[in-house]
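Engineer: Line by line, the protein sequences are chains S and D.
Heads up: the first sequence begins at 1 in my numbering, then just goes up one per residue.
Heads up: the second sequence begins at 1 in my numbering, then just goes up one per residue.
In short, the hints are calculated from the structure, not lab data.
Mixed in with the good hints there might be a few duds.
[To be verified] Derived list of chain D stretches under chain S, where covered just means 3 residues or more per stretch with a C-beta under 8 Å from a C-beta of chain S:
id: 1; region: 46 to 53
id: 2; region: 63 to 75
id: 3; region: 132 to 145
[Stated by the list, open to error] Here are a few chain D residues that face chain S, going by a calculated C-beta distance under 10 Å:
id: 4; residue: 35
id: 5; residue: 36
id: 6; residue: 38
id: 7; residue: 43
id: 8; residue: 148
id: 9; residue: 149
id: 10; residue: 310
id: 11; residue: 317
A quick note: this is a predicted structure, and the numbers were derived from the prediction, not measured.
Glycine included, each C-beta is placed from N, C-alpha and C at the ideal position.
Each chain is listed here by its residues.
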Amino acid sequence: MPLIESRSLTHRYPGNILALDNLTLDVEPGVIGLVGANGAGKSTFIKILLGLLEPTSGEASVLDLDVRRDGTRIRSLVGYMPEHDCLPADLSATDLVTHMGRMSGLPAAAARERAADVLRHVGLYEERYRPIGGYSTGMKQRVKLAQALVHDPKLLLLDEPTNGLDPSGRDEMLGLIRRIGIEFGVATLVASHLLGEIERVCTYLLAIDAGRLLRAAPLASFTERTGTLAIEVEDGADALAERLSGGGLPGRVDGRTVLVDVPDEGAYVAIRDAIADLHLALVRLEPRRHRLEDLFQDEATDDAA
Amino acid sequence: MTRLDPAAGPPPLAPAAAVARADASGVGGVIYDIGYRGYDGPRLGRRAAVWALFAFSWRAAFGLGRSGRAKVVPWGVLAIISLPAVVQSAVIATVGPLGARAGGGFTYDNYLFRMSLLALVFLAAQAPELLVGDQRQRVLSLYFAHALERIDYALAKLAAMVVSLFMVTLVPLLVLLLGQTFASSDPFGSLRDQLGSLPAILGSAAIYVVLYSAVGMAIAAFTPRRAYAIAAIVAVFLVGSAVSPLLRRAGAGFGDWTLLLNLNTIAEGVRHSLFGGEANGAVAGASLSGITYEGMALAVVLVGVAAYLWRYQRIET
Numbered sequence: 001m002p003l004i005e006s007r008s009l010t011h012r013y014p015g016n017i018l019a020l021d022n023l024t025l026d027v028e029p030g031v032i033g034l035v036g037a038n039g040a041g042k043s044t045f046i047k048i049l050l051g052l053l054e055p056t057s058g059e060a061s062v063l064d065l066d067v068r069r070d071g072t073r074i075r076s077l078v079g080y081m082p083e084h085d086c087l088p089a090d091l092s093a094t095d096l097v098t099h100m101g102r103m104s105g106l107p108a109a110a111a112r113e114r115a116a117d118v119l120r121h122v123g124l125y126e127e128r129y130r131p132i133g134g135y136s137t138g139m140k141q142r143v144k145l146a147q148a149l150v151h152d153p154k155l156l157l158l159d160e161p162t163n164g165l166d167p168s169g170r171d172e173m174l175g176l177i178r179r180i181g182i183e184f185g186v187a188t189l190v191a192s193h194l195l196g197e198i199e200r201v202c203t204y205l206l207a208i209d210a211g212r213l214l215r216a217a218p219l220a221s222f223t224e225r226t227g228t229l230a231i232e233v234e235d236g237a238d239a240l241a242e243r244l245s246g247g248g249l250p251g252r253v254d255g256r257t258v259l260v261d262v263p264d265e266g267a268y269v270a271i272r273d274a275i276a277d278l279h280l281a282l283v284r285l286e287p288r289r290h291r292l293e294d295l296f297q298d299e300a301t302d303d304a305a
Numbered sequence: 001m002t003r004l005d006p007a008a009g010p011p012p013l014a015p016a017a018a019v020a021r022a023d024a025s026g027v028g029g030v031i032y033d034i035g036y037r038g039y040d041g042p043r044l045g046r047r048a049a050v051w052a053l054f055a056f057s058w059r060a061a062f063g064l065g066r067s068g069r070a071k072v073v074p075w076g077v078l079a080i081i082s083l084p085a086v087v088q089s090a091v092i093a094t095v096g097p098l099g100a101r102a103g104g105g106f107t108y109d110n111y112l113f114r115m116s117l118l119a120l121v122f123l124a125a126q127a128p129e130l131l132v133g134d135q136r137q138r139v140l141s142l143y144f145a146h147a148l149e150r151i152d153y154a155l156a157k158l159a160a161m162v163v164s165l166f167m168v169t170l171v172p173l174l175v176l177l178l179g180q181t182f183a184s185s186d187p188f189g190s191l192r193d194q195l196g197s198l199p200a201i202l203g204s205a206a207i208y209v210v211l212y213s214a215v216g217m218a219i220a221a222f223t224p225r226r227a228y229a230i231a232a233i234v235a236v237f238l239v240g241s242a243v244s245p246l247l248r249r250a251g252a253g254f255g256d257w258t259l260l261l262n263l264n265t266i267a268e269g270v271r272h273s274l275f276g277g278e279a280n281g282a283v284a285g286a287s288l289s290g291i292t293y294e295g296m297a298l299a300v301v302l303v304g305v306a307a308y309l310w311r312y313q314r315i316e317t
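Isolated chain S (complex conformation) (with noise of 0.2 Å):
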């Protein structure tokens, strides 16, 4: 069973502005990132997912549930953790979390059971039973989590779940998330503007810009091998370039370094030999590895042109 679908989904705000243009994907349960940066409409996707808004154009499905017909349905078995604070102050954590399982559906006694669990697994202990008012940004978002799982849903929707927390906080966050993704094998959808972090905790990468949908595919197969050599000189990377394409290796030159595709070995040493007899000063030669990155430069030089 599919996670969740969308085809041809688009979604405009009033004034025209489009959040989501012709979106269309299967994902797979897994812990999946949803990268973009700011506007790009992750925050839309993910309402649009919970049946929250409803979309101008397109299907989409959660857990095989059609987002615009049954919307409380698919509410009743995802957790979701927004961008933003959301937690009243004067509850303690203990009765949040029982609460917010209660608005699942879930029994008064089974609620208060799994909200001293999920909280015992996000690490809240004898604090939780303090008003969330004089918590800490790290313990509010510990918070957030934990409401959100306190259904055992079978998709949790995390919308920027490292928002204001410092470096180590981070560092706890993205592991109590790839914990809860891999070992409690909770499917996850985390959706961010920091590349770095979703590499930390994905298995898979939605990369969307301004809408639409750039890449959707195993994280590994962004950052394989790309049969491309980089080879940096000190000087001279435009001469080099000119000396390789006269050789049959049609190259392109970024600053210092020159970019060869390598269709076998015997290039190497059409390489080695042009850099001999150019006398150049050779500083590095390396296989170019996809970045996340160039996702969104790449996308961006298109743009410019």
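Position chain D relative to chain S; hints supplied.
Structural biologist: Leaving out everything else, chain D in the frame of chain S:
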């Protein structure tokens, strides 16, 4: 629990998850981190969620499960609004029934009209208590992401307000009823008489409660600031009751119609037209028909509830 036999190899349950062994003196055995447990029990869905929210909000209206400070207003109001009924019942019990000359005594007909200020205090404090925090602290975005709809949230909160206020207004009337009953030499016969008043008791309380709740909740729904909500609720009630007699006396040509600016007078007019008894306040000398009060009350309740529900359909989370 018996100690596991070390010779039997690793314990069968989650061996890798054993996090701590009991210390040397411990006889108990092994503590297991049982890890994450799923939930396979019943998921009761929307109806159960709405019911749970109603119960949660009703408890919040009385400060139950909250700090001591949250209990001051609801329980203080309940104590003060009941006090005259308790005192009068005590007097009746010790010196006998109030004579005809003690015309100032409390009855089912005049109790709520005289005590309406306390009902207003409860409403002005607790309607914002139920609604304002969820807006200001954006808890609404959590609620709406759960198994209940916007309208469910609004109705559960409204029902919680109605039921809480109903209890606050009903308690003193029941104290009066019990006082009358047990002061009599024939409590059982008296109880039968008094129970005949029960529809009037429930009915008059319901009139005040529904009118008050509709207005108070509608106002509280429109601001995320508690102080503004309190001020606005108090203002709507008090300005109405202050302006209405002034305009009437000034003879601005509206005559008795000015009574309809005062929510208390409207409630009293409806009560009097439906259940009779003595007319209180301005209603006594006014020539408006019962249907006028009833129509006005219905209009206020409908407009209030409609505005309230509209707000929760539209509100941004």
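Engineer: To test your reading of the hints: which numbers does this structure violate?
Structural biologist: Of the numbered hints, just 10 does not hold.
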